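Q: For reference, the chains in residue letters:
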Amino acid sequence: MLRVVIVGDKNSGRTTFLGLLYTAQVKSGSDKADDFRFHAAFESLDEITNVFQRLMSGSFPDSATKEGIHEITFRLGYRRPVRGILWRQRSQGWASDAFVSFHLVVLKAFEDEMARPAERSSIADATLRDALSSDAMVVIVDARKLATADEDPPLVPLGKYDAAVESLLSAIQRSRAHGVRALFHPIFVFSKFDRVDPEALRLATLENAPPAVSKKRLRAAYAKALLDRNLPKTMAKLVARERRGLEFAVPSYFFSWVRTHEAVSGGAERVRLRRSGSMGWEPDYSSDEYLAFLECLWDIAAHTKD
Amino acid sequence: MPCALLGDRASGKTTFLGLLYAAQVKYGTGVQDDFRFHAPIGSLNIMSAVYEGMKDGRFPSATLKEEITELGFIFGYLRKLVGKLPYYIRQQNWVRPFSTLRFSAYDVSGEDIEEFIETGIASRPLIQQLLKSVVVAVLVDCSKMTTEIDTPAYKRMLRYDSTVAKLLVSFQTYKKQEYDRLKDSGVSADTPRIYPVFVLSKFDTLRDDVLARLGLHRGFPEDKRSRKEYAEALLRVFVPQTLSQIRGGKVAGVSMDKSAYFLSWVHTETQEGMDPVGQPRIVRTGFSPEGGGEPDFSYDEYVTFIEHFREIAHKIPDEILEAEKFQAQAMLRAAQ
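Sequence lines, in order, name chains A and B.
With our numbering as the guide, the letters of the first sequence map in order to residues 0 to 305.
With our numbering as the guide, the letters of the second sequence map in order to residues -17 to 318.
Treat the hints as calculated values from the structure; they're not laboratory data.
Quantities reported herein were computed from a predicted structural model and do not represent experimental measurements.
Just so you know, even glycine gets a beta-carbon here, dropped at the ideal spot from N, CA and C.
Careful: at least some of the hints might be erroneous.
[What the hints assert, rightly or not] In silico PhoX-like pairs for lysine-lysine, Cα to Cα no more than 20 Å straight-line:
(1) 210/B to 31/A
(2) 206/B to 31/A
(3) 240/B to 31/A
(4) 297/B to 240/B
[Said to hold, decoys possible] Residues of chain B placed beyond 10 Å of chain A at every Cβ, according to the derived structure:
(5) 30
(6) 170
(7) 200
[As the list claims (entries may be wrong)] Covered by chain B, per the in silico footprint, the following chain A stretches (three or more residues, Cβ under 8 Å):
(8) 33 to 46
(9) 50 to 64
Looking at chain A on its own, in the form it has when it is part of the complex:
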């Protein structure tokens, strides 16, 4: 099972991210084409279906829902293409090894934990210990906090977060320094990208929107331009080579957004729902990015299995 930790600072959209990931799976998993299937573990369902219900009714997760979400386990698979005379036997496209399992753990308040110098070497928190045994890390970067002016790294809005992520990556690497050679997969997700300050993009001389999902190289360059300025320590950590133990894989990058209705006179912000061909309604979100994210997890899991 692929173990993935999700880190993000407070209100960076971790719960919404998980809710939209589930929404993307429900949509693909009930699609007419029937090329994708997933199964969520019973223990994970109560919380994630609550988030789904809220998003589908036009609300963001409330604080109680956010508090409840800690981990989610699911298993997914893509149907293998069956061509020629075998096309009738589509159901056989689901081989048992076509499915891979993921365990996603949300790390809460990890910034404070990582900021305590005395305890850095012996991470006490049970959740942080989960991180040490993980195979991949999703780093949620709140796009609203991207720097809009040239500042020294510690002063950028994400400075503290950058230091915490870098510390966590170092701790993971240290914990496996004497183990067998292994790859660790960093995944960056820019959340709330529809709210990014245009000044932050202008500072990095970038277009208003990231390149399409299919243009991987261009997207990587786009994301790197933002991260080198905002998470410099983390990025430096990822390129540093170690001779033994854990090695960091080439990072993957995704951009998440959800369109909203303007809040009416102090009321809560509402998720805008859009008509979706076969699904009826769904939140107006970057569904392509989420589908690409799922494929990315699938690829990592397939390689990890090998």
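Add chain B to chain A, keeping to what the hints say.
A: Below, chain B alone, put in the same frame as chain A:
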């Protein structure tokens, strides 16, 4: 073999059972005598009371529904080979002439199920019985299918979808655990299978604007594939989590791919240009040599529903007997 009929509060469960009773009364008394129906006295009293009320043009009353705590019935199908035996032999109990399925109706908003969903602990006997089901019939109330997303009906459907999806996953988890337990005991068994059935209840109340927005016509197709496509087009919109978790059974190692779809409607009296005041009255058929004074409902769908389980009933006993045999072997091995 236990089978579950799941429905929300006021989703038409009692009406469905009353109409099923009406259908089996007519169908089960045919000359072929290859289908039989049995219900415990408590259930039979309620089902027949519902049926009587319907013959009088009335839907089941709230008081009657409240009386229902556990409602069940048994379908019996004459085994193929037994049907070829002389009459006096096939009447003998030792022949075991009928393959049976034991249905129980469950209210998914009920206390027991809500507690199970919250805690995940199947401590109550009702839940333990539910999890053993090999057939899961899910009632989806078409009157709650709406394109207006700020209405209570839309939200209620969202909640129902989540609850049924969770129940389906708990079925899959239970079956998979049982299967793994057998395998760990060194017993080889077939991949576990659950037979899902969807009943689109109150189909006559499905609104035209909903159908138009989904690009569907009003009539339900007859051939199997078109029925599946039509029903799934509705389920995809209104219970997408349920549909995705049915398909996801394969991922969990429990096949739920053999879904079947039925609809239920009963014609009600309408007066042109006027909304009915209070509970609508049921339209009844006129008298003819075949009978009459019956509620005007989707009889053919109910017969197809009954017939759908014939093959399953014949197949399941073998699977269950095998499983029981395996379990006995496993226990023996553990004891040695």
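Q: Work down the list of hints and note, for each, if the structure agrees.
A: Do the hints match the structure? See the list:
This hinted pair checks out: residue 210/B and residue 31/A have alpha carbons roughly 11 Å apart, not beyond 20 Å. A hinted pair counts as satisfied when its Cα atoms are at most 20 Å apart, and residue 206/B with residue 31/A qualifies at roughly 16 Å. Restraint check: the Cα-Cα separation between residue 240/B and residue 31/A comes to about 16 Å, which is no more than 20 Å; the hinted pair holds. In summary, the hint linking residue 297/B to residue 240/B is supported, as the alpha carbons are separated by about 13 Å, within the 20 Å threshold.
Distance check for residue 30/B against chain A: the nearest CB is about 38 Å away, which clears 10 Å, and the non-interface claim stands. The claim that residue 170/B is not at the interface with chain A holds, since no C-beta of that chain comes within 10 Å of its own (minimum 15 Å). The Cβ of residue 200/B lies farther than 10 Å from every Cβ of chain A, with a closest approach of about 18 Å, so its non-interface assignment holds. With 10 residues having a Cβ less than 8 Å from any Cβ of chain B, the segment 33 to 46 of chain A passes the three-residue criterion, so the hint holds.
As drawn, the segment 50 to 64 of chain A meets chain B at 5 residues by the rule of a beta-carbon pair under 8 Å; at three or more, the given contact holds.
Comparing the model with each earlier hint shows no violations; every hint is respected.
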